[in-house]
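Could you build the full structure based on these sequences and the hints that come with them?
The primary structure of each chain is shown beneath.
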Amino acid sequence: VIDQAALLLPLAWRNLWRNPRRTGITLAVIAIGMWSILVFSIVLKAWAVSSRDTSLRQLTGEGQIHAVGYVDDPNVIHRMKWPSAKLNLALNSPNVAAWAPRVRVPAVIQSEYRTRAITFLGVAPPRERAISDLPSQIGVGRYLRDAQDNGIVIGRDLALRLKTRMGKRIIVMAQAADGHLAEASFQIVGLFDATRPAEDEYAFTGLSTAQSLLGIRGDISEISFNPAPDEPLDRLVAGLRASVPSLDIEPWTLFSPLAYTMESFSQSYIAIWLMVMFTLMAIGIVNTQLMAVFERTREFGLLQALGMRPGLILLQVTLESALLVGFGVVAGVVLTLATLAPFRNGLDLGFLAAGAEMYGAGRVLYPRFDGLDAARSCLIIWLLGIVASFWPARSAFRSDPVAAMGQL
Amino acid sequence: MLAALAWRNLWRRPQRTLLSLLSIALVSAILVFMLSFQIGVYATMKENTLRIFDGFAQFQPWGYADDPSLDRSIVHPLSIVRDAESLWGVTAAAPRINSFAILANGDRSYGAAVIGVDAARESKLSSIAATIEDGRYLRPSDENTAVLGDTLARNLKIGVGNRVTLLGTARDGSVAADVLSVAGIYHSGVPELDRSILEMPFRRAQSTFAMNDRASTIALGGPSLASVNDALPELTALGTQRGLIVLDWGNLEPAMRDAIALKYATSLLFYLTLVVVVAFIILNTLLMSVLERTREFGMLLALGMRPGAIGRMVWLELLALALVGCAIGLGIGSAVTVWFERSGIEFAGMGKLLAQFGLPPRLYPALTFFSAFMGPSALLLSVCLGGIVPYLRVARLQPSLAARAP
Chain A
1 VIDQAALLLP LAWRNLWRNP RRTGITLAVI AIGMWSILVF SIVLKAWAVS SRDTSLRQLT
61 GEGQIHAVGY VDDPNVIHRM KWPSAKLNLA LNSPNVAAWA PRVRVPAVIQ SEYRTRAITF
121 LGVAPPRERA ISDLPSQIGV GRYLRDAQDN GIVIGRDLAL RLKTRMGKRI IVMAQAADGH
181 LAEASFQIVG LFDATRPAED EYAFTGLSTA QSLLGIRGDI SEISFNPAPD EPLDRLVAGL
241 RASVPSLDIE PWTLFSPLAY TMESFSQSYI AIWLMVMFTL MAIGIVNTQL MAVFERTREF
301 GLLQALGMRP GLILLQVTLE SALLVGFGVV AGVVLTLATL APFRNGLDLG FLAAGAEMYG
361 AGRVLYPRFD GLDAARSCLI IWLLGIVASF WPARSAFRSD PVAAMGQL
Chain B
1001 MLAALAWRNL WRRPQRTLLS LLSIALVSAI LVFMLSFQIG VYATMKENTL RIFDGFAQFQ
1061 PWGYADDPSL DRSIVHPLSI VRDAESLWGV TAAAPRINSF AILANGDRSY GAAVIGVDAA
1121 RESKLSSIAA TIEDGRYLRP SDENTAVLGD TLARNLKIGV GNRVTLLGTA RDGSVAADVL
1181 SVAGIYHSGV PELDRSILEM PFRRAQSTFA MNDRASTIAL GGPSLASVND ALPELTALGT
1241 QRGLIVLDWG NLEPAMRDAI ALKYATSLLF YLTLVVVVAF IILNTLLMSV LERTREFGML
1301 LALGMRPGAI GRMVWLELLA LALVGCAIGL GIGSAVTVWF ERSGIEFAGM GKLLAQFGLP
1361 PRLYPALTFF SAFMGPSALL LSVCLGGIVP YLRVARLQPS LAARAP
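Protein sequences appear in the order of chains A and B.
Anchor point for the first sequence: position 123 equals 123 in this note's numbering, and the numbering is continuous, going up by one each time.
Anchor point for the second sequence: position 10 equals 1010 in this note's numbering, and the numbering is continuous, going up by one each time.
By construction, these hints were calculated from the structure, which means they are not laboratory data.
From a predicted model like this one, the values you see are computed outputs, not experimental measurements.
Each residue gets a CB set at the ideal place from its N, CA and C atoms; glycine is no exception.
One or more of the hints may lead you astray.
[Stated by the list, open to error] Covered stretches of chain B (in silico footprint by chain A; criterion: 3 or more residues with CB under 8 Å from a CB of chain A, positions within the stretch not fixed):
{"no.": "1", "segment": "1120-1133"}
{"no.": "2", "segment": "1270-1277"}
[As the list claims (entries may be wrong)] Once the Cα atoms are required to be at most 20 Å apart in a straight line, the calculated EDC-like pairs of lysine to aspartate or glutamate come out as:
{"no.": "3", "chain 1": "A", "residue 1": "Lys81", "chain 2": "A", "residue 2": "Asp178"}
{"no.": "4", "chain 1": "B", "residue 1": "Lys1263", "chain 2": "A", "residue 2": "Glu263"}
{"no.": "5", "chain 1": "B", "residue 1": "Lys1124", "chain 2": "B", "residue 2": "Asp1066"}
{"no.": "6", "chain 1": "B", "residue 1": "Lys1157", "chain 2": "B", "residue 2": "Asp1172"}
{"no.": "7", "chain 1": "A", "residue 1": "Lys163", "chain 2": "B", "residue 2": "Asp1066"}
{"no.": "8", "chain 1": "A", "residue 1": "Lys168", "chain 2": "A", "residue 2": "Asp193"}
{"no.": "9", "chain 1": "A", "residue 1": "Lys45", "chain 2": "A", "residue 2": "Asp373"}
{"no.": "10", "chain 1": "B", "residue 1": "Lys1157", "chain 2": "A", "residue 2": "Asp73"}
{"no.": "11", "chain 1": "B", "residue 1": "Lys1124", "chain 2": "B", "residue 2": "Glu1047"}
{"no.": "12", "chain 1": "B", "residue 1": "Lys1157", "chain 2": "A", "residue 2": "Asp72"}
{"no.": "13", "chain 1": "A", "residue 1": "Lys163", "chain 2": "B", "residue 2": "Asp1172"}
{"no.": "14", "chain 1": "B", "residue 1": "Lys1157", "chain 2": "B", "residue 2": "Glu1133"}
{"no.": "15", "chain 1": "A", "residue 1": "Lys168", "chain 2": "B", "residue 2": "Asp1067"}
{"no.": "16", "chain 1": "A", "residue 1": "Lys45", "chain 2": "A", "residue 2": "Glu250"}
{"no.": "17", "chain 1": "A", "residue 1": "Lys168", "chain 2": "A", "residue 2": "Asp157"}
{"no.": "18", "chain 1": "A", "residue 1": "Lys81", "chain 2": "A", "residue 2": "Glu250"}
{"no.": "19", "chain 1": "A", "residue 1": "Lys168", "chain 2": "A", "residue 2": "Glu201"}
{"no.": "20", "chain 1": "B", "residue 1": "Lys1124", "chain 2": "B", "residue 2": "Asp1083"}
{"no.": "21", "chain 1": "A", "residue 1": "Lys45", "chain 2": "A", "residue 2": "Asp193"}
{"no.": "22", "chain 1": "B", "residue 1": "Lys1263", "chain 2": "A", "residue 2": "Asp178"}
{"no.": "23", "chain 1": "A", "residue 1": "Lys168", "chain 2": "A", "residue 2": "Glu183"}
{"no.": "24", "chain 1": "A", "residue 1": "Lys163", "chain 2": "B", "residue 2": "Asp1071"}
{"no.": "25", "chain 1": "A", "residue 1": "Lys163", "chain 2": "B", "residue 2": "Asp1067"}
{"no.": "26", "chain 1": "A", "residue 1": "Lys81", "chain 2": "A", "residue 2": "Asp219"}
{"no.": "27", "chain 1": "B", "residue 1": "Lys1157", "chain 2": "A", "residue 2": "Glu201"}
The structure is reproduced here in structure tokens:
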């Protein structure tokens, strides 16, 4: 078979170029189909990743560690010790890109005029910056300087609702470790810009300041962490759970159910979409190849009359398809790379301005060409193309030489 | 005559026509189903979420959404409640007092939203009354009772029959303090509500917070979201007379509105690519068949047919193909959708997650005029527009050259 294929290969190649227009159109169908599958799936994935990241980079992070019971009841009594040597080792391993310790308790905030329920957080600013985008979204004033900072940063909308402003003092009340209602006065040093629910909910101060207010010394409520770029989150969570079984370690899916549901739906949409696209491509290929074979009925009759065995004709038609689809697929990949090249450093959706932000995606998408993913799609299309061409090849194979030669 | 010719031409290569039909039908069917599914799920999501607490719309004082304080209030709420309830499509209008207080039980204290509710009206539009896990919901005759979410109760370590102390600020700036006895504990399934809301009798809240004959908001309920949406113009007119504004569902649940808008935007991208790719494949097939039929067209030209007429014939072939394909797709897509409308689609392992958005574990698509015709029409339109390319190609044919084509 190999020898025959070697003999037929140049023949198949030459056949392809006997009708350059037809070959060109088929190539275009395959290349553009391939291109749209790759480009759109990459952009859709980038969009999904971007909208997920935007929501996770607000505060949640990709995973969180708490004392058992905290998630159900975020009370100061459900706190944990500063990371033990073991946990510290795990968190500082190369598998973790960043982590941030926090004190996080429900509290009441009071200005001269208004009272609101909020979530009060004590943070370590340099670590916080690696996990959350809020520190860089300060509209007025500044973010916290260090863990000892005794100023407070609140959302711009919360300031409006409290009828207070930058530089004024507000009172925070929260239940302390010994059960009494601790209260302290803070000066507003900065206002952050975020989504309205976030602006209304969070108020930040230095980690040590919050710890001393609540009387919990070095204890914390939560650790938020992000895995290293090539570390799967599931594996990291499982690893951390194994190293500190006494703590409650959960992925973001538990904390951002809306983002998770949306992502699950997006994934099933992409899967369905890919299946439909593959089917369409297969139909497109069968259609053009069928046409090519019908047109060449006379030629196949002639070849048979000259003594070429029908099996070889089948092989030849299949080879032609394999070559054609193969070239189309490669052209599609080249087109895709060319399309994505200008956006290697991100596709800025600035021109959509508020639109994209309203739709929850970040301003900049990062389309990532995943070689393995692309290779899989290419292989599927190529195999589909070859299988699809069996049908036209079979009609060529079945033709009766005499009748075929008689055809116009 | 051209149409008959075009139709017969289509069936000269039945396999090719069938394959093209298949791809058009497949895409139209998928579009019908997906769009119906989205519409159905979002409608359920909206209705169920709003049914839990918000109501399908709300009357609010001017500026209340931005600054929800007791200073902004609705005076003589009962008269507007009765007017609203007399409107067609509105079955309940529940006045509320929305305040905020620190709840305490022994050494445990939590900040929570304290809502004064009219028990009879409230239970008609909010499902909290139906999700009582322990004890009972408020009764119109109740004086100093309260119901609260299970997480809040657990955090405060209180149960049915216990007392809870409430400390807040009244409308006149004085201290609002009260002691209520817990009548019931609810579990709505929405973590935020279960963690942060206490409901108490409306009249008691009026006196506790110095809100004599006033309410903060009036929540509106009806048989369906659509019926209340239909009543919005009348409600707005009613509100304007009294200096109130009406918030529709999107303004009550902006995060959900934005999430739904985001999903529609992303899925539009899916739908567009499907339409574009199928149109491209169909047009390419047609273009190829046109190139192959040059000789035939030359013959027709020689027989006296005008190039324009041949172009129209080819275009009609495309139109017939697209029409039949879209019709088949519409039929199959609608049939599949109707089937799933009855049986629902189960998302394994997502039940708990879906419950947070008020969604049942089985999701149902909803076939509407829009979802049925939008996809197929877009497809039909783009195929027909794209058909101009082969049309132009044919219309430019030179008889002498065409007839000599191989």
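Hints, verified against the model:
1. 1120-1133: violated (count 0)
2. 1270-1277: With 5 residues close enough to chain A, the hint holds.
3. A:Lys81 / A:Asp178: At roughly 16 Å apart (the allowed maximum being 20 Å), A:Asp178 and A:Lys81 satisfy the hint.
4. B:Lys1263 / A:Glu263: OK: B:Lys1263 and A:Glu263 at ~10 Å, within 20 Å.
5. B:Lys1124 / B:Asp1066: At roughly 27 Å apart (the allowed maximum being 20 Å), B:Asp1066 and B:Lys1124 break the hint.
6. B:Lys1157 / B:Asp1172: Outside the cut-off at roughly 32 Å; violated.
7. A:Lys163 / B:Asp1066: Since the Cα atoms of A:Lys163 and B:Asp1066 sit roughly 11 Å apart, the hinted pair holds (cutoff 20 Å).
8. A:Lys168 / A:Asp193: 18 Å, holds
9. A:Lys45 / A:Asp373: Holds: A:Lys45 and A:Asp373 sit about 12 Å apart, inside 20 Å.
10. B:Lys1157 / A:Asp73: Since the Cα atoms of B:Lys1157 and A:Asp73 sit roughly 11 Å apart, the hinted pair holds (cutoff 20 Å).
11. B:Lys1124 / B:Glu1047: 14 Å, holds
12. B:Lys1157 / A:Asp72: Between B:Lys1157 and A:Asp72 the Cα gap is close to 13 Å, so the pair holds against 20 Å.
13. A:Lys163 / B:Asp1172: Between A:Lys163 and B:Asp1172 the Cα gap is close to 17 Å, so the pair holds against 20 Å.
14. B:Lys1157 / B:Glu1133: 16 Å, holds
15. A:Lys168 / B:Asp1067: 19 Å, holds
16. A:Lys45 / A:Glu250: 24 Å, violated
17. A:Lys168 / A:Asp157: 15 Å, holds
18. A:Lys81 / A:Glu250: Holds - the C-alpha atoms of A:Glu250 and A:Lys81 are around 18 Å apart, at most 20 Å.
19. A:Lys168 / A:Glu201: Holds: A:Lys168 and A:Glu201 sit about 19 Å apart, inside 20 Å.
20. B:Lys1124 / B:Asp1083: Roughly 17 Å separates the two Cα atoms, so the pair holds.
21. A:Lys45 / A:Asp193: Violated: A:Lys45 and A:Asp193 sit about 27 Å apart, past 20 Å.
22. B:Lys1263 / A:Asp178: Outside the cut-off at roughly 47 Å; violated.
23. A:Lys168 / A:Glu183: 17 Å, holds
24. A:Lys163 / B:Asp1071: With Cα atoms ~13 Å apart, A:Lys163 and B:Asp1071 stay inside 20 Å; holds.
25. A:Lys163 / B:Asp1067: Given that 20 Å is the threshold and the Cα spacing comes to 9 Å, the pair holds.
26. A:Lys81 / A:Asp219: Distance of about 5 Å is within 20 Å: holds.
27. B:Lys1157 / A:Glu201: 24 Å, violated
Hints 1, 5, 6, 16, 21, 22 and 27 from the list above are not met by this structure, while the remaining hints are.
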